[in-house]
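**Q** Listed below, chain by chain, are the residues.
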Amino acid sequence: MFADYSWSELGSIFAMQGFAGLVLFSVFVLMALGLAIIFGQMGVINMAHGEFMILGAYVTYMCSNFFQSAAPALMPISFFVAMVLAFFASGALGMLVEMGLIRFLYKRPLDTLLATWGLSLILQQAYRTIFGAREVGVTLPEWMMGSLPLTDIIEIPINGLIVMAITLAITVAVAVVMFRSRFGAKVRAVVQNRQMAGAVGIDTEKVDRLTFGLGCGIAGVAGSAFTMIGSTGPSSGQLYIVDTFLVVVFGGATSLIGTVASAFTISQAQSTLEFFLSGSMAKVLTLLTVVGILMLRPQGLFVLKVRR
Amino acid sequence: MTPPFHAARKTELFGFLVLAAFVLLVLPGVVDPFRLNLVGKYLTYAFVAVGLVLCWGSAGILSLGQGIFFGLGGYCMAMFLKLEASTPEATKIQSTPGIPDFMDWNQLTALPAFWEPFHSLAFTIVAIVAVPAALAFVIGFAMFTRRVGGVYFAIITQAIAAILTILIIGQQGYTGGVNGITDLRTLLGWDIRTDSAKTILYFVNAFLLLGVIALSIAVRSSKLGRILVALRDKEDRVRFSGYDVAAFKIFVFCFAAAISGIGGAMFTLQVGFMSPSFVGIVPSIEMVIFCAVGGRNSLIGAVYGTLLVNWGKTTFSESFPELWLFAMGGLFIAVVMAFPNGLAGIYKSYVQPLFARIVVRPAHRRRPVGGGKTTPAIAE
Amino acid sequence: MKTNDKGGAPRSMLRRKLMIGSAALALGLAAAGVGHAQTPPTGEVNTTGLAVTDDVVKVGILHSITGTMAISETGSVQAEKLAIKQINDMGGVLGRKIEFIQEDGASDWPTFAEKAKKLLVEDKVAAVFGCWTSASRKAVLPVFEQYNGMLYYPTFYEGLEQSPNVIYTGQEATQQIIAGLDWVAKEKGAKTFYLLGSDYIWPRTSNKIARKHIEDHLGLKVVGEEYYPLGHTQFNSVINKIKLKKPDVIYAIVVGGSNVAFYKQLKAAGIDMTKEKPLVMTISVTEDEIRGIGGENIEGAYATMKYFQSLDNDNNKKFVAAFKNMWGEDMVIGDVTQAAYEGPWLWKAAVEKAGSFDIDKIKEASPGIELTTAPEGYVRIHENHHLWSKTRVGHAKSDGQYEVVYETKELMEPDPFPEGYQ
Numbered sequence: 084m085f086a087d088y089s090w091s092e093l094g095s096i097f098a099m100q101g102f103a104g105l106v107l108f109s110v111f112v113l114m115a116l117g118l119a120i121i122f123g124q125m126g127v128i129n130m131a132h133g134e135f136m137i138l139g140a141y142v143t144y145m146c147s148n149f150f151q152s153a154a155p156a157l158m159p160i161s162f163f164v165a166m167v168l169a170f171f172a173s174g175a176l177g178m179l180v181e182m183g184l185i186r187f188l189y190k191r192p193l194d195t196l197l198a199t200w201g202l203s204l205i206l207q208q209a210y211r212t213i214f215g216a217r218e219v220g221v222t223l224p225e226w227m228m229g230s231l232p233l234t235d236i237i238e239i240p241i242n243g244l245i246v247m248a249i250t251l252a253i254t255v256a257v258a259v260v261m262f263r264s265r266f267g268a269k270v271r272a273v274v275q276n277r278q279m280a281g282a283v284g285i286d287t288e289k290v291d292r293l294t295f296g297l298g299c300g301i302a303g304v305a306g307s308a309f310t311m312i313g314s315t316g317p318s319s320g321q322l323y324i325v326d327t328f329l330v331v332v333f334g335g336a337t338s339l340i341g342t343v344a345s346a347f348t349i350s351q352a353q354s355t356l357e358f359f360l361s362g363s364m365a366k367v368l369t370l371l372t373v374v375g376i377l378m379l380r381p382q383g384l385f386v387l388k389v390r391r
Numbered sequence: 022m023t024p025p026f027h028a029a030r031k032t033e034l035f036g037f038l039v040l041a042a043f044v045l046l047v048l049p050g051v052v053d054p055f056r057l058n059l060v061g062k063y064l065t066y067a068f069v070a071v072g073l074v075l076c077w078g079s080a081g082i083l084s085l086g087q088g089i090f091f092g093l094g095g096y097c098m099a100m101f102l103k104l105e106a107s108t109p110e111a112t113k114i115q116s117t118p119g120i121p122d123f124m125d126w127n128q129l130t131a132l133p134a135f136w137e138p139f140h141s142l143a144f145t146i147v148a149i150v151a152v153p154a155a156l157a158f159v160i161g162f163a164m165f166t167r168r169v170g171g172v173y174f175a176i177i178t179q180a181i182a183a184i185l186t187i188l189i190i191g192q193q194g195y196t197g198g199v200n201g202i203t204d205l206r207t208l209l210g211w212d213i214r215t216d217s218a219k220t221i222l223y224f225v226n227a228f229l230l231l232g233v234i235a236l237s238i239a240v241r242s243s244k245l246g247r248i249l250v251a252l253r254d255k256e257d258r259v260r261f262s263g264y265d266v267a268a269f270k271i272f273v274f275c276f277a278a279a280i281s282g283i284g285g286a287m288f289t290l291q292v293g294f295m296s297p298s299f300v301g302i303v304p305s306i307e308m309v310i311f312c313a314v315g316g317r318n319s320l321i322g323a324v325y326g327t328l329l330v331n332w333g334k335t336t337f338s339e340s341f342p343e344l345w346l347f348a349m350g351g352l353f354i355a356v357v358m359a360f361p362n363g364l365a366g367i368y369k370s371y372v373q374p375l376f377a378r379i380v381v382r383p384a385h386r387r388r389p390v391g392g393g394k395t396t397p398a399i400a401e
Numbered sequence: 009m010k011t012n013d014k015g016g017a018p019r020s021m022l023r024r025k026l027m028i029g030s031a032a033l034a035l036g037l038a039a040a041g042v043g044h045a046q047t048p049p050t051g052e053v054n055t056t057g058l059a060v061t062d063d064v065v066k067v068g069i070l071h072s073i074t075g076t077m078a079i080s081e082t083g084s085v086q087a088e089k090l091a092i093k094q095i096n097d098m099g100g101v102l103g104r105k106i107e108f109i110q111e112d113g114a115s116d117w118p119t120f121a122e123k124a125k126k127l128l129v130e131d132k133v134a135a136v137f138g139c140w141t142s143a144s145r146k147a148v149l150p151v152f153e154q155y156n157g158m159l160y161y162p163t164f165y166e167g168l169e170q171s172p173n174v175i176y177t178g179q180e181a182t183q184q185i186i187a188g189l190d191w192v193a194k195e196k197g198a199k200t201f202y203l204l205g206s207d208y209i210w211p212r213t214s215n216k217i218a219r220k221h222i223e224d225h226l227g228l229k230v231v232g233e234e235y236y237p238l239g240h241t242q243f244n245s246v247i248n249k250i251k252l253k254k255p256d257v258i259y260a261i262v263v264g265g266s267n268v269a270f271y272k273q274l275k276a277a278g279i280d281m282t283k284e285k286p287l288v289m290t291i292s293v294t295e296d297e298i299r300g301i302g303g304e305n306i307e308g309a310y311a312t313m314k315y316f317q318s319l320d321n322d323n324n325k326k327f328v329a330a331f332k333n334m335w336g337e338d339m340v341i342g343d344v345t346q347a348a349y350e351g352p353w354l355w356k357a358a359v360e361k362a363g364s365f366d367i368d369k370i371k372e373a374s375p376g377i378e379l380t381t382a383p384e385g386y387v388r389i390h391e392n393h394h395l396w397s398k399t400r401v402g403h404a405k406s407d408g409q410y411e412v413v414y415e416t417k418e419l420m421e422p423d424p425f426p427e428g429y430q
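Protein chains in written order, with the working numbering: chain V, 84 to 391; chain R, 22 to 401; chain F, 9 to 430.
Rather than coming from a laboratory, the hints here were simulated on the basis of the structure. Please read all numbers here as calculations on a predicted model, not as lab measurements. All C-beta atoms, glycine included, are put in the ideal place defined by N, C-alpha and C. Be aware that one or more of the hints could be misleading.
To be verified - Simulated crosslink set (SDA-like; lysine to any residue; CA at most 20 Å straight-line):
id : chain 1 : residue 1 : chain 2 : residue 2
1  : F       : Lys285    : V       : Ser230
2  : F       : Lys253    : V       : Pro232
3  : V       : Lys190    : V       : Val274
4  : R       : Lys334    : V       : Ala209
5  : F       : Lys216    : R       : Lys255
6  : F       : Lys251    : V       : Ser361
7  : F       : Lys417    : F       : Ala193
8  : F       : Lys216    : V       : Arg380
9  : F       : Lys398    : F       : Glu378
10 : F       : Lys251    : V       : Leu356
11 : F       : Lys285    : V       : Leu231
12 : F       : Lys220    : R       : Leu129
13 : F       : Lys253    : V       : Ile239
14 : F       : Lys283    : V       : Ile239
15 : F       : Lys216    : F       : Glu233
16 : F       : Lys89     : R       : Ala267
17 : F       : Lys251    : V       : Thr355
18 : F       : Lys283    : V       : Gly215
19 : V       : Lys289    : V       : Arg277
20 : F       : Lys216    : R       : Asn127
21 : F       : Lys251    : V       : Asp235
22 : F       : Lys220    : R       : Gln128
23 : F       : Lys196    : F       : His225
24 : V       : Lys190    : R       : Val169
25 : F       : Lys196    : F       : Thr282
26 : F       : Lys332    : V       : Gly215
27 : V       : Lys190    : R       : Lys255
28 : F       : Lys253    : V       : Arg277
29 : F       : Lys405    : V       : Gly229
30 : F       : Lys283    : V       : Glu225
To be verified - Chain V is nowhere near these chain R residues, computed Cβ spacing over 12 Å in every case:
id : residue
31 : Leu38
32 : Leu40
33 : Phe43
34 : Val52
35 : Tyr63
36 : Glu105
Kindly produce the complete structure, drawing on both the sequences and the hints.
**A** This is how it looks when you write it as structure tokens:
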């Protein structure tokens, strides 16, 4: 298939393809990080993860509408304002949900699955009632939708760069919070031994609430970022949920590093296969491989060793 | 056997007879043929719910992928019926007559090899039970021998459900894709679309369901059933007592899968088509909620739970379609938060004592039957 | 409680008076109806027990208003309700007002089948306007054939089907595709094509027809063909492949949420559609979809279908005004919405031609029925229950509307089983 092309063309295409793989990797990390934090640290599977993401997207939508009508001059930065708002909106909703729902179910982790699934149905219908059944078009600042032409063929999509930057920022922030801050130390203590953590004076309930809020907030940021590359509608969250779960499961679910590693593996496999095969076949092959590996190693790539 | 256990069997037997009367006599008596066909469709989901009671209620294994097995059973049946419907005469406008229409649309010119055995009804009937059970065995073996369980098992089954959906939709030349396998007409020449056929199928379905429940009751009251309960409550102790925990879990998972397959096949027969929308995440979780509403520990309750939720869904979505999702979501949350033992729990804590008081049997002691997670069967 | 008791007697008196009054009114109306030549007695126009009374005829609307397909189907529901309202304002069908029963298919094919059966068996509706995806139509088709109902199906679709119980008011694949390809080859000098689609039957069949036409009839070249799962959101790899192959035309049949992702990523990757190098041509993006994609992200692309909101004729102006009046100024109307709007009108014409609501008579009367008031201009029902219609090419503008740049001179003949394209 490459016979007709010059070396420089091929080189450019492979560079572009590598970039595409990195963007996909960033998207996967961004999707999965919130879910992995909540599951890894609290043992709760948040089935409404996609809906928290879409809340972020709707916040971005409202924000961009507001800027367009009230302050068109500030439009170029509206997106970043929206992203911060999305974090707080999803995070606040997450904390509310934790207070009203999740905290009664810590002893029954399987039941949190069902309860959050119920929540996702309610949220979807709420979006449909509030914003209408149709997708909404999020107007983004003009500069974000273009590309940077490097050579004749190589053109770097700016939104891809932004997604990568956001992912990097969020990942670093999470790593710092989890491994370098007092709060992170508390979270890890609660994960490892809830009773002992409580006994040494850590307010475990507060830690749980903030962790859940953090996970949901990151989902909100992800949703906000995905308005650049995807659709915003009441059930758009469902588009991401399968990939998200796969990444988390494959990564080993309890380890954040595992999540990143798994996102990298799956994204590179998929993006390479997509280039050589048809898109549908690539997806199927990737999925089959993931399942195959899960059968051989059901605990996922990385496992956090904790004495239970 | 201890006396309380005996009493539990007695109430279960009583419940079984009431259910049989309800399904076989009351419903066909009061419901018109159209609604009866709907009830028949709901009862096929009850197979899955009964399987979930065994898996989840008894053994503590929550699978969010039971739709896979329901779908596989349904697809096996649909393949047989589709081959029967695709006679060369009926498909003579195709470029390759004699193969199912969707294959022709996808430029297939010969029947794929894995379709061939489905010309035989006997093979199909075996496959309906065996294919889901075999897949369950593979999944169960991989997971349980490596001691994967709990939430983690739940999301892996869910991921598998999602993957299978994508596979089925993607391989449309072999599976009918997103449309599914449609336009099924006859079973060995017997038209399954007529009202009389639907009524007969309803009864076949009801008898099969009752049979499956009877079998499940037998499993649960055997020693095997009690080991399952024991490993749900304290898996390590069972393991230390010398039992092969994985084998028991694999067995019950396969059993539940096989039951679900039967349900799927009956679904195909009664509804007249099978589509990938049953294999995915959403139906799989909905089936868990049927079971949860009925009571995750009650085989009988699972049937009522299925009927109640689906009846609610149908009537609600006829009058207030927009509110339906709110109601369904609210139901999920309410059942989990307030009634973890579902209808059966409500019956046991409110209705049964009332009966006891009316009938006045002072000698009869009230004791927890079956019990939920909150009442471990093994005392600490 | 007491006040209620007190008020009870007069209220019931009032109610009785009202009832007497309304009964008299109904009698009067009925009398007037009998006197009117346009209202034949129910026994004559309804011999098969449909839900038709002396002044009301019931029809069904069956679309998804919840679930993933609600995004697309909302417009069709609105259009059908508008058509029914307008017909009622003109005096109804055979002197009877249309009442609709709306059911929700919930984006789930078995639910569609269940609800279709309910509409036909329990409600005994005289016609059903509904379904959107091919899968939902395939699910309800056996129900309509078994219980002899009438379905008006609005979506452009893959063809390969022809049922006496269905009137297909959207275009089948050859009608939609061939004219557009001819145009792009002749006017734009396109030589090479890259075919792309979501992975299910409609895009696959459409691309098969497109490939046959490009290779066998136009003598041009297809340089790539590619499918992505429904709901796929990452198109960077295929965009790279497109850049490598440098086709003249990207022929895209991506649907649903994937659409938004595809066009946003195409633009971000530096493919400026307004430069037409490559030119983007689609058959799956109507004005409805552009709302989600954003006009600025798809500006410059071409679409081939039978209707665009910007069509310049009196029928369409009236239709657009009425639609916006009923559903809001910010509404947009796409091809399928317009096709859905034609459904009730075609049914009305068939009933009036047959002089009866009986399904068998409508089936027989349908071929040859013309609609001169259709927003798209003029349509006629073919023997095969599809519509003769013109095909148009629209050029997407940044405000989310298409500018019509080409329209076939003649009506395109519907050909659901095209010879030479299989």
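**Q** Indicate, hint by hint, whether the structure satisfies it.
**A** Each hint tested on the structure:
A C-alpha spacing of about 16 Å is found between F:Lys285 and V:Ser230, which places the hinted pair at or below 20 Å, so the restraint holds. Distance check on the hinted pair: F:Lys253 and V:Pro232 sit about 18 Å apart at the alpha-carbon level, within 20 Å; holds. Between V:Lys190 and V:Val274 the alpha-carbon distance is near 14 Å, which keeps this suggested pair within the 20 Å criterion. For a cut-off of 20 Å, the pair hint linking R:Lys334 to V:Ala209 stands: about 18 Å separates their Cα positions.
A threshold of 20 Å between alpha carbons decides the hint, and for F:Lys216 with R:Lys255 the separation of about 59 Å lies outside it, so the pair is violated. Only pairs whose Cα atoms come within 20 Å are accepted, and F:Lys251 paired with V:Ser361 is accepted, the gap being roughly 16 Å. Between the alpha carbons of F:Lys417 and F:Ala193 the distance comes to roughly 17 Å, so the proposed pair stays at or under 20 Å and holds. Between the alpha carbons of F:Lys216 and V:Arg380 the distance comes to roughly 41 Å, so the proposed pair goes past 20 Å and is violated.
Of the pairs offered as hints, the one joining F:Lys398 and F:Glu378 holds, with about 14 Å between alpha carbons and a cut-off of 20 Å not exceeded. At most 20 Å may separate the alpha-carbon atoms for a hinted pair to count; F:Lys251 and V:Leu356 meet this at roughly 17 Å. Distance check on the hinted pair: F:Lys285 and V:Leu231 sit about 18 Å apart at the alpha-carbon level, within 20 Å; holds. For the proposed pair F:Lys220 and R:Leu129, the alpha carbon gap of about 17 Å is at most 20 Å, so the pair holds.
With a C-alpha separation of about 18 Å, the suggested pair F:Lys253 and V:Ile239 falls inside the 20 Å cut-off, and the hint holds. The straight-line distance between the Cα atoms of F:Lys283 and V:Ile239 is roughly 19 Å, inside the 20 Å bound, and the hint therefore holds. For a cut-off of 20 Å, the pair hint linking F:Lys216 to F:Glu233 stands: about 10 Å separates their Cα positions. Pair hint F:Lys89 plus R:Ala267 does not hold up; C-alpha atoms about 58 Å apart against a cutoff of 20 Å.
A threshold of 20 Å between alpha carbons decides the hint, and for F:Lys251 with V:Thr355 the separation of about 16 Å falls inside it, so the pair holds. This hinted pair does not check out: F:Lys283 and V:Gly215 have alpha carbons roughly 34 Å apart, beyond 20 Å. Proximity of V:Lys289 to V:Arg277 is assessed by CA-CA distance (about 12 Å); at most 20 Å being required, the pair is judged to hold. Between F:Lys216 and R:Asn127 the alpha-carbon distance is near 9 Å, which keeps this suggested pair within the 20 Å criterion.
Straight-line distance between C-alpha atoms of F:Lys251 and V:Asp235 comes to about 11 Å, which keeps the hinted pair within the 20 Å bound. Between F:Lys220 and R:Gln128 the CA atoms are separated by roughly 13 Å; this keeps the pair inside 20 Å, and the hint holds. At roughly 17 Å between alpha-carbon atoms, F:Lys196 and F:His225 fall within 20 Å of each other, so this suggested pair holds. Under the criterion of a C-alpha separation no larger than 20 Å, the hint pairing V:Lys190 with R:Val169 is consistent with the structure, at around 18 Å.
Annotation: proposed proximity of F:Lys196 to F:Thr282 holds, straight-line Cα distance about 13 Å (limit 20 Å). Between F:Lys332 and V:Gly215 the CA atoms are separated by roughly 16 Å; this keeps the pair inside 20 Å, and the hint holds. For the hint linking V:Lys190 to R:Lys255, the alpha-carbon distance of about 15 Å falls within 20 Å, and the restraint holds. A threshold of 20 Å between alpha carbons decides the hint, and for F:Lys253 with V:Arg277 the separation of about 58 Å lies outside it, so the pair is violated.
For the proposed pair F:Lys405 and V:Gly229, the alpha carbon gap of about 18 Å is at most 20 Å, so the pair holds. The hinted pair formed by F:Lys283 and V:Glu225 meets the criterion: a straight-line CA distance of about 18 Å does not exceed 20 Å. Remark: the non-interface label on R:Leu38 is consistent with the geometry, its nearest Cβ contact in chain V lying 31 Å away (cut-off 12 Å). Every CB of chain V lies more than 12 Å from the CB of R:Leu40, the least distance being 25 Å, so the non-interface label holds.
With a least beta-carbon separation of about 27 Å from chain V, R:Phe43 lies farther than 12 Å from that chain, consistent with its non-interface assignment. For R:Val52, the shortest C-beta to C-beta distance to chain V comes to about 28 Å, beyond the 12 Å cut-off, and the non-interface label holds. The claim that R:Tyr63 lies off the interface holds: its Cβ sits roughly 19 Å from the closest Cβ of chain V, which is beyond the 12 Å cut-off. Distance check on R:Glu105: its Cβ is at least 29 Å (rounded) from any Cβ of chain V, clearing the 12 Å threshold; non-interface status holds.
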